[in-house]
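J.: Top to bottom, those sequences are chains X and C. The numbers in this note's numbering rise by one with no breaks, and the one at position 242 of the first sequence is 279. The numbers in this note's numbering rise by one with no breaks, and the one at position 401 of the second sequence is 428.
It is possible that part of the hints are untrue.
Unchecked claim - On the chain X side, residues computed to face chain C include the following (Cβ under 10 Å):
1. E66
2. Y140
3. F146
4. G163
5. P350
What the hints assert, rightly or not - For lysine-lysine, the following DSBU-like pairs were computed, each having C-alpha atoms within a straight-line distance of at most 30 Å:
6. X:K366 / X:K302
7. C:K357 / C:K124
8. C:K357 / X:K80
9. C:K414 / X:K366
10. X:K366 / X:K303
11. C:K110 / C:K130
12. C:K357 / C:K110
13. X:K336 / X:K366
14. C:K348 / X:K80
15. C:K348 / X:K84
No lab work stands behind these hints: they were computed from the structure. Only a predicted model underlies this, so the values are computations on that prediction, with no experimental measurement involved. We put the CB at the ideal spot given by N, CA and C, even for glycine.
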Amino acid sequence: MAVMNMIQALNSALDTMLARDPDVLIFGEDVGYFGGVFRVTDKLQEKHGLDRCFDAPIAEGGIVATAIGMGAEGLRPVVEIQFADYILPAYDQLVSEAARLRYRSNGEFTAPITVRSPYGGGIFGGQTHSQSPEAIFAHITGLKTVIPSTPYDAKGLLIAAIECDDPVIFLEPKRIYNGPFDGRHGQALTSWAQHPAAQVPEDHYSIALGKAAIVREGADVTVLAYGTMVHVALAGIADAGVDAELIDLRSIVPLDVDAIVASVKKTGRCVIVHEASRFGGFGGELSALVTERCFYHLKAPTQRVAGWDTPYPHAFEWDYFPGPDRVAKALAHVMEV
Amino acid sequence: MTNDRRSGRLRVPEPSSRPGDPVEFGDLALSPAGAVARPDIDAPEPCLRDLPFLLIRTLDDAGNVVGGWLPDLADGDLIRALKAMVLTRAFDERMFKIQRQGKTSFYMKSRGEEALGAVPSLALRQGDMCFPTYRLVSWLMARDYPLEDLVNQIFSNAQDPLKGRQLPILYSARDYGFYSLSGNVGSRFGHAVGWAMAKAYRGIDDIAIGYIGEGTTAEGDFHEALTFASVYRAPVVLCVTNNQWAISTFSGIAGAQETTFAAKAIAYGIPGLRVDGNDVLAVWAATQWAAARARSGLGATLIEFFTYRAEGHSTSDDPGKYRPSDEASKWPLGDPVERLKQHLIALGEWDDSRHAALEESVAEAVRAAVKQGEAVGTLGQSKPSVKEMFEGVFKEPDWRVLEQRGEVGI
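Build the full structure now, drawing on both the sequences and the hints.
T.: Structure representation (structure tokens):
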């Protein structure tokens with residue numbers, strides 16, 4: 038065991054897999070000698086060799102296309118898209134190719150690739166370094182979409198993603214790379230060091246994709262969240278003073294629908310929290326599932342706490358970011374009904 | 028299937044030097060100043076295919092003009108360029124420090140590349156449109172864009188002309204011929220072609236100039252723009268600013284060890300010029316040559332401006348982590364400001380005391396603009412009304428925006 042922040046945990050996952058499987062290799066913009074703009078691939082080139090962790094041309098479509106070709110041959114490429122905001126040139130490759138290769142070739146060719154990408158807001162990154170595009174991947178059948186919320190989960194889930202025989206989008210909430218940000222932006226930064234989930238095994242382990250974590254048990258309302266919003270939701274629950282059950286989905290595809298249904302049937306209320314814009318966001322799918330499967334147990338309409346339906350605005354970071362106050366307000370609202 | 032990686036043959040390019048190594052630039056394929064002949068603008072493209080492998084240079088090492096690539100200059104043009112470049116440098120230095128003081132979130136300098144915005148800004152017409160990269164604020168400096176507006180944008184404060192919606196330095200200034208910037212790289216290169224096609228469609232002889240970094244030539248945007256520009260003979264000047272580095276990634280990862288960026292033009296059947304980007308006169312002459320072709324209906328030109336990014340990518344990286352710290356000072360094509368100053372002194376139009384006075388006057392102008400911006404407020408101290416967050420999504424807001432404004436209480 039070692040104390041790791043999320044960057045170190047992800048680096049450890051990559052290091053572990055490079056050492057363990059010669060078919061694993063890494064490429065992406067600035068990931069080689071420099072070690073990535075967020076340092077997730079720090080020292081991996083030096084340790085494992087130039088041809089196992091190297092810089093890619095600035096061509097996200099090309100990065101993913103090349104990874105798919107390697108994956109079809111049998112390698113397990115792990116590629117980095119520097120910011121999730123820049124993944125869109127690769128969208129055709131992900132949607133039309135990676136997601137369907139197994140289906141259309143009847144399994145003759147597959148794409149066992151992992152696409153890592155830092156995502157989300159809270160860093161004053163403006164509209165092109167802050168977005169949360171998970172819903173556009175969740176909508177595509179054939180792609181798995183994983184979002185960790187702690188260092189321990191980050192390592193275990195990334196190893197599971199690399200070992201997965203299907204393509205995985207692995208979104209890293211960059212606001213919590215260095216500490217568990219709870220949305221109280223006026224306060225001093227907290228490091229991971231004191232968090233129990235910063236205790237990370239140095240060896241290989243994996244966390245099954247599609248298994249949610251119950252972060253906090255409660256009786257009165259179920260809160261569904263992932264990524265940074267797990268920590269924000271905890272703060273909102275504390276502010277609201279309600280006995281909420283907080284579920285960290287950890288992956289949105291595959292989705293642990295059983296955990297969601299069991300909890301909502303117990304509590305009878307549901308609040309969904311994500312950073313992405315509300316309209317057409319993944320919260321809509323969660324809300325529909327809850328309504329379809331728990332309707333007769335519900336005591337109040339499900340609420341969504343989400344980013345506003347605007348681009349991510351630089352000056353208005355904290356007006357846009359759905360902080361604990363908005364979570365607490367939604368919790369109070371469902372409890373009133 | 029074997030998996031004996033000892034026989035691995037995958038080639039990954041590496042730069043010639045890394046931190047701690049002596050600076051080695053490898054083969055930069057530098058032509059002597061004045062060595063490249065200037066063809067007529069209507070020369071058929073097949074006759075121009077040697078140009079992408081040469082380097083157009085007008086100023087020699089002593090600051091004298093040599094060869095045939097001579098700009099057509101009006102009185103005072105070079106002094107105007109010098110002022111814009113010196114102002115850009117002073118502004119960059121000040122704003123970089125301001126970011127380090129925590130007064131804004133982000134900044135990018137253009138040191139070493141000041142000629143690439145300033146010169147085309149002066150060489151082209153008011154009706155032409157520039158589709159910039161994020162290292163071309165010198166275009167705005169050359170057109171006297173108000174420094175206060177730049178500072179207010181960088182602070183995202185209540186006077187920010189872009190209403191706090193955009194990251195610092197991602198300006199938009201239509202009246203100054205400067206198209207809206209975005210953090211995504213390359214995605215406006217095709218807009219330059221479309222804008223130029225619109226001018227051709229209307230029968231107007233205004234043109235567009237588009238820029239892209241050498242690293243971003245790998246994106247599809249670059250190749251798609253060149254295809255459209257070639258097919259429709261668009262009146263556009265398409266520029267690659269080859270500053271050798273894409274954040275930490277050297278130009279070899281974009282293919283610089285295989286061919287030149289100017290040579291990409293050959294595949295699209297348009298002329299490609301490779302130009303010393305630190306030589307103001309060569310940049311001017313090449314811009315005028317390409318603009319004259321565009322304006323007279325001869326179509327697009329690809330220009331590779333060969334230069335060097337003398338600072339880090341942005342406030343977010345330390346270049347000492349990936350390249351020798353003295354690489355910039357050893358760039359064999361020097362510094363564009365120093366070379367222009369040397370040329371003007373050689374002409375007898377400039378001297379050290381006038382240069383010192385210029386540096387003092389731009390420093391004062393920058394100080395005054397920053398003082399004004401700080402009086403309005405730095406990032407977080409001042410911002411536009413929160414209702415601006417909801418404006419401008421659509422021309423008319425729909426119910427979502429109206430309801431959400433209500434939730435915020437404005």
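J.: Could you check the structure against the hints above and give me the numbers of any it violates, in ascending order?
T.: 2, 3
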